[in-house]
Amino acid sequence: MIGYIVRRVLAIIPVLLVVGIVVFMLIHLTPGDPAQVILGDAATPARVKVLRHQLGLDQPLWKQFLTWVEHVCRGNLGTSLFYQQSVVHTVAVRVGPTASLAGLAFVFSLVIAIPSALLAVWKRGSLLDPIFMSGSLLGVSMPNFWLALMMISLFGVKLGWLPVSGYVPLDQGVGLWFSHLLMPAFVLAIQQAGLIARMLRDGMLDVLHQDYIRTARAKGAGERLVLLHHAFRNALIPTVTVIGTSLAGLLGGAVVTEVVFAIPGVGNLIVQSIASRDFPVLTGAVMFVALVYVLVNLLIDLLYSVLDPRVQYR
Amino acid sequence: MASRTVKSRKSRVVDPGDHSVGDGKLLNVVGLTTVFHANGRDVRAVDSVSFHLSPGETVCIVGESGSGKSVTSLSIMKLIENEGGRVVAGSIWFDGDDLLKASNEEMRRVRGRTVSMVFQEPMTALNPIFTVGSQISEAILLHTDESREQAWNRTVDMLRLVGIPEPEIRAKQYPHQLSGGMRQRVVVAMALVCNPKLLIADEPTTALDVTIQAQVLDLLRRLKRDLKMSILLITHDMGVAAEMADRVVVMYAGNVIEEGSVEEIFDRPLHPYTQGLLASIPGRNGVRGARLHAIAGSTPALADMPEGCRFNPRCPFAVDICRVEAPALRLVDGHNVACHRAQDAPVVAARTSTAQ
Ligand SMILES: Nc1ncnc2c1ncn2[C@@H]1O[C@H](COP(=O)(O)OP(=O)(O)OP(=O)(O)O)[C@@H](O)[C@H]1O
Ligand SMILES: [Mg+2]
Numbered sequence: 414m415i416g417y418i419v420r421r422v423l424a425i426i427p428v429l430l431v432v433g434i435v436v437f438m439l440i441h442l443t444p445g446d447p448a449q450v451i452l453g454d455a456a457t458p459a460r461v462k463v464l465r466h467q468l469g470l471d472q473p474l475w476k477q478f479l480t481w482v483e484h485v486c487r488g489n490l491g492t493s494l495f496y497q498q499s500v501v502h503t504v505a506v507r508v509g510p511t512a513s514l515a516g517l518a519f520v521f522s523l524v525i526a527i528p529s530a531l532l533a534v535w536k537r538g539s540l541l542d543p544i545f546m547s548g549s550l551l552g553v554s555m556p557n558f559w560l561a562l563m564m565i566s567l568f569g570v571k572l573g574w575l576p577v578s579g580y581v582p583l584d585q586g587v588g589l590w591f592s593h594l595l596m597p598a599f600v601l602a603i604q605q606a607g608l609i610a611r612m613l614r615d616g617m618l619d620v621l622h623q624d625y626i627r628t629a630r631a632k633g634a635g636e637r638l639v640l641l642h643h644a645f646r647n648a649l650i651p652t653v654t655v656i657g658t659s660l661a662g663l664l665g666g667a668v669v670t671e672v673v674f675a676i677p678g679v680g681n682l683i684v685q686s687i688a689s690r691d692f693p694v695l696t697g698a699v700m701f702v703a704l705v706y707v708l709v710n711l712l713i714d715l716l717y718s719v720l721d722p723r724v725q726y727r
Numbered sequence: 004m005a006s007r008t009v010k011s012r013k014s015r016v017v018d019p020g021d022h023s024v025g026d027g028k029l030l031n032v033v034g035l036t037t038v039f040h041a042n043g044r045d046v047r048a049v050d051s052v053s054f055h056l057s058p059g060e061t062v063c064i065v066g067e068s069g070s071g072k073s074v075t076s077l078s079i080m081k082l083i084e085n086e087g088g089r090v091v092a093g094s095i096w097f098d099g100d101d102l103l104k105a106s107n108e109e110m111r112r113v114r115g116r117t118v119s120m121v122f123q124e125p126m127t128a129l130n131p132i133f134t135v136g137s138q139i140s141e142a143i144l145l146h147t148d149e150s151r152e153q154a155w156n157r158t159v160d161m162l163r164l165v166g167i168p169e170p171e172i173r174a175k176q177y178p179h180q181l182s183g184g185m186r187q188r189v190v191v192a193m194a195l196v197c198n199p200k201l202l203i204a205d206e207p208t209t210a211l212d213v214t215i216q217a218q219v220l221d222l223l224r225r226l227k228r229d230l231k232m233s234i235l236l237i238t239h240d241m242g243v244a245a246e247m248a249d250r251v252v253v254m255y256a257g258n259v260i261e262e263g264s265v266e267e268i269f270d271r272p273l274h275p276y277t278q279g280l281l282a283s284i285p286g287r288n289g290v291r292g293a294r295l296h297a298i299a300g301s302t303p304a305l306a307d308m309p310e311g312c313r314f315n316p317r318c319p320f321a322v323d324i325c326r327v328e329a330p331a332l333r334l335v336d337g338h339n340v341a342c343h344r345a346q347d348a349p350v351v352a353a354r355t356s357t358a359q
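Here the protein sequences come in this chain order: A and B. Letter by letter, the first sequence follows residues 414 to 727 in this note's numbering. Letter by letter, the second sequence follows residues 4 to 359 in this note's numbering.
Quick caveat, the hints were computed from the structure, so don't treat them as lab data. Quick caveat, the model's predicted, so the values are computed rather than measured. Even glycine gets a Cβ: it sits at the ideal position worked out from N, Cα and C. Incorrect hints may have been included.
[Said to hold, decoys possible] Cβ-to-Cβ under 7 Å is the rule here; a few derived chain A residues that face chain B:
| id | residue |
| --- | --- |
| 1 | P444 |
| 2 | A505 |
| 3 | G586 |
| 4 | G588 |
| 5 | D624 |
| 6 | Y625 |
| 7 | R630 |
| 8 | K632 |
| 9 | H643 |
| 10 | R646 |
| 11 | S718 |
| 12 | D721 |
| 13 | R723 |
[To be verified] No more than 16 Å apart at the CA atoms, straight line, and that leaves these computed lysine to aspartate or glutamate pairs for EDC-like:
| id | chain 1 | residue 1 | chain 2 | residue 2 |
| --- | --- | --- | --- | --- |
| 14 | B | K227 | B | E246 |
| 15 | A | K536 | B | E84 |
| 16 | B | K227 | B | D240 |
| 17 | B | K175 | A | D471 |
| 18 | B | K231 | B | D249 |
| 19 | B | K28 | B | D249 |
[What the hints assert, rightly or not] A short list of chain B residues far from chain A (calculated; beta carbon distances all over 12 Å):
| id | residue |
| --- | --- |
| 20 | S94 |
| 21 | R333 |
| 22 | A353 |
Turn these sequences into a full structure, and let the hints guide you.
Structure below.
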């Protein structure tokens, strides 16, 4: 088990390198010049040329690339072209808001998904099931930005119950932190909840046809025990995949939601760095997202072995 | 609490003149009819089935695949609704109560405590993500006030009783770590841990290889004696029936077509279908290993049952009346049979040639 984890963690390194390379290539092959962006449209060609030289952008691409790889291997992701801050720091200060939003959205989505899926399975065959199905479909397919704007105009503008946008760190008060995140987290949760609930419901209905459920009933287990203990625990195994993908997606930065609610998270940073051609920051941010995905996937695989005794890692 | 409601209900629903109560029968199935809904109409998988079982008896239900054996047993446990079926007529008297009138909660207290069931497939009958010990303990905890430790100790004892070596270790293992024979022993242990009065075993050995099969049958016989229970054993193997049964109920296409003591059925089979089943036992009458004499044709589909006797298209002795009138179960020569021609010369002659 320990050996397995060590091997998986080591395998992250090449994954991140490949991601970095791909992003590096994409950036440099798309048009747009950061020096021009920094100096603005009024800059003279001569000044742009000087800045390009200072930033190392006048070097041939392969040379820039090698320099970058060399720095990355020494743990140096470079410096932002705009903020005069290291990339690591620039990304790191964005992790707090994103993690807060993701954590809250994740909790919300489970709190919505699990009870509603259980209810749908418990009342299977009744009118509740089609209601549940259309509800989950609606949740999945409702555009984030639309729901976000609707909520902002209702709860933020019309009723004035919640702040319209922005972010307050946790250490400046839980209440403020929570009230700023409530709407964006809910918007994100609705979509994830639709996916998770649907998966859990389908999984449980599937499990309910298994022989061991009949065995459980034959020994006198009531419907509640059958559903909550026998069926739920088994259906959780396939559902964990969806839950994990959803968590990784949230932690990787919910771009649209962060932009709409002006939350200074990783998603917002990615958008900004694309707009401003801040190559090092963009690469660093995307590598962070990749790292989150790989780590969450590892976590899920480990969770499998906890949930399913048939899964053993060596 | 539940037993009190059951008792009060008994006095309400049972007609004192009803012969099915208080005559010493443990289980009395009367006119059981179970349907499945298919293509917009109900088809009868089990049709007016009646049979009974006395305390301490082993009754075997035999019949080809699709004859309604499993549907009958699941109907008795009231588990058929979970499979999409519905009991539309009949009574299932168990120990003086009609199970068909019991509430879900009353039924839940019956299952696993007074009536237990063992299923055919040991590979899938156990929940893969819980230890076998916890699955057995669950049955104890469901029906008694015992603590977890007490239940666990009893679980280990029960595993030892069903012949599982190192039961303390095995109890902590998961189903996939056990062989098929072991798993079936676990399933038997789970069914018997609350000391039920009746064990319904639906082809408990069909999925096992021959030596394991014999071991499990031995186990059932021994436990039946030690725990003083009755067994309703479902099988399509006449050899198993001969070995285990006190009485035999023969089913065909959802009907009971013959019923009697094991000697009666094996020595004087009256129904041509029973005769066919007996002739298909390898090594029976004539040369050992002779080619199996299977009955030509197969069980009719539920949706198009033949008119008259349901066996008539396959019956070598069928005459006109067999094709129009369904024969009722009647007493002939000491046991019950549903055949118009049970006493006619050709059938009688066939009887002696198939019997030992
Ligand atoms: N869930 C179901 N839905 C529809 N029809 C069913 C269902 N279960 C059983 N049947 C039908 O009921 C009839 C009796 O089936 P049953 O399973 O009782 O047969 P069996 O005697 O147990 O056979 P086997 O030896 O194969 O187990 C069959 O025709 C079968 O197709
Ligand atoms: Mg069956």
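*Which earlier hints turn out false for this structure, listed by number in ascending order?*
1, 2, 3, 4, 11, 16, 17
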